[in-house]
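Fit chain B to the supplied structure of chain A, relying on the hints for placement.
There are 2 protein chains.
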Amino acid sequence: MQSGGALQWRRSLTRRVAINPPMKFCTQCGSAVDLLIPAGDNLPRHVCGQCGEIHYLNPKVVVGCVPQWEERILLCRRAIEPRYGLWTLPAGFLENNETTMEGAARETLEEAAARVKVTQLYGLFNLPHINQVYVMFLADLVRPEFGPGTESLEVALYDERDIPWDRIAFPVVEQTLKLYFADRRQGRFAVHTGDIVRLPGPERVFEVRMLEV
Amino acid sequence: MQSGGALQWRRSLTRRVAINPPMKFCTQCGSAVDLLIPAGDNLPRHVCGQCGEIHYLNPKVVVGCVPQWEERILLCRRAIEPRYGLWTLPAGFLENNETTMEGAARETLEEAAARVKVTQLYGLFNLPHINQVYVMFLADLVRPEFGPGTESLEVALYDERDIPWDRIAFPVVEQTLKLYFADRRQGRFAVHTGDIVRLPGPERVFEVRMLEV
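Sequence lines, in order, name chains A and B.
When we follow the numbering used here, the leftmost residue of the first sequence carries the number 43, and every step to the right adds one.
When we follow the numbering used here, the leftmost residue of the second sequence carries the number 43, and every step to the right adds one.
Where hints are given, some of them may not hold.
Same chains, same label: a pair holds when it works inside one copy or across any pair of copies.
Here are the simulated BS3-like pairs of lysine-lysine, each with C-alpha atoms no more than 27 Å apart in a straight line [stated by the list, open to error]: (1) LYS66 - LYS159; (2) LYS66 - LYS102; (3) LYS159 - LYS102; (4) LYS66 - LYS220.
Hint data in this document are derived by calculation from the structure and do not stem from the laboratory.
Just chain A, with the same shape it has in the complex (with noise of 0.2 Å):
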C-alpha cells in the first residue's frame, strides 16, 4: 500500500486525465497479455495467453451540467490538472450504477457543492482522440449556493458578458457555453450533438463537427 498522499495524487491523475495505462496483465488470472485480433472480431483486443479471457476497452461516459440561476451560470475553476486554474462547467466520469442525470447532478454537488435539478438533455459530444462521449444537461440551482469543492479553485455564478472565454479549460466546455447562449437568444434550447477532435500535431488545435438537424 501507497500513502494516502500518494493514492491522492494518483486517483487525481488517473480519474481526472482518464489516464487508461496499457494493460499488461490478466484481470482473471494474473497472466501476461498479448494484444491481438481474436477469432470472429476485427479489432486487436487484450487477450490473456493462459486463461483466454479477452479484455474490451471502450470509451468512458463524462456526465456535467449547465447550472442555471436566473441570468446567471455556474462555472468552476480547476484546482487540478489537466488545465489548473482555468474554467469549466461541472463535469465529470459517469459511475457504475448511476443514471446519466444523477451522474451530472453528482458531479456538480462534488465539484461546485451546488444542488441542482437537471432539466434537460443539452448536448452529446464526442472526443473519440481521447475516448469519452460528453453528456450534457441544461440544471436549474436549487438554491443560489455553491462553493468550492476539493476539485475548484473558486465558484461563481456568471453573466453571459463575463463569461472569461479566453480562460476555458476545454473545447467541449467552450463549445456547450457557446451553444447555450445561442440557443438562449433564439428563446429556445435544442439538443445538440457532435464531434469534436483534436487534430493531429503539437499544438491544441480541435475541429468542431456538429451533426445539424
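Frame of chain A, contents of chain B only:
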C-alpha cells in the same frame, strides 16, 4: 491459447452480454487487487496492494439506430444470446476511437449488412442496473439492401402495423420504437432522455422513467 472456437464463444458471451467479471488481478503488475475506498474517494475501487494502481470501472455506451426506408424500419432477429430469436434494432458497444454516430452505422453494417446515413440523435437511455448508456439515432438506409450479419438470423423492413411487439428483445428497443411511431404520427421527432431500470426480483419487470421537457 485456447482454440478459436472457445475464444469465439467467450467473445460472444463477454461482449454481447457485457459481463464484466470481477477484477482479481492488477492490469499493471499482475498482483492481487483489493476492493477498498481510496483516500479522497467515496466509492470502493479495485486497488493493487503491490503497485498502488487504482482501477476504475465505468458504464459502457451502446450505440444503435432506427434505420428507415420510406415508411418502414429495419429490424434484426438475434442469432446470439441473450434474447436469441427475438427482434431488435441494430446496436452494440461503442469502440475506442470512434464516434457514437460512427458506431451506430458500424453496428448496422455488421448486424444488418446495411449502409445508413445517421440523421439525428434520437434517444439517450440509462440502464444503470447493467451499467449501460444507450445512445440511439435516427438513420436513413442509403439503399434498400440488407441481410443478416453473423449475429442476426434474419433482417427485415417492417411497417408499423407489422412490428412484432411481443417478440422485441429488449425494453430499450421497445421504448425507442414506441417513441418513434408516436413522434412520427405527430410529424416531429424529438430527442428523448430517460431511465429504463429493471426492478428487483426474478421477473423481468422494467420501469421506464422519461425526462419530459
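Consistency of the hints with the structure:
no. : hint            : result
1   : LYS66 - LYS159  : neither (42 Å within a copy, 38 Å between copies)
2   : LYS66 - LYS102  : both (20 Å within a copy, 21 Å between copies)
3   : LYS159 - LYS102 : both (24 Å within a copy, 25 Å between copies)
4   : LYS66 - LYS220  : neither (41 Å within a copy, 45 Å between copies)
Hint compliance for this structure: hints 1, 4 are not met, and every other hint is.
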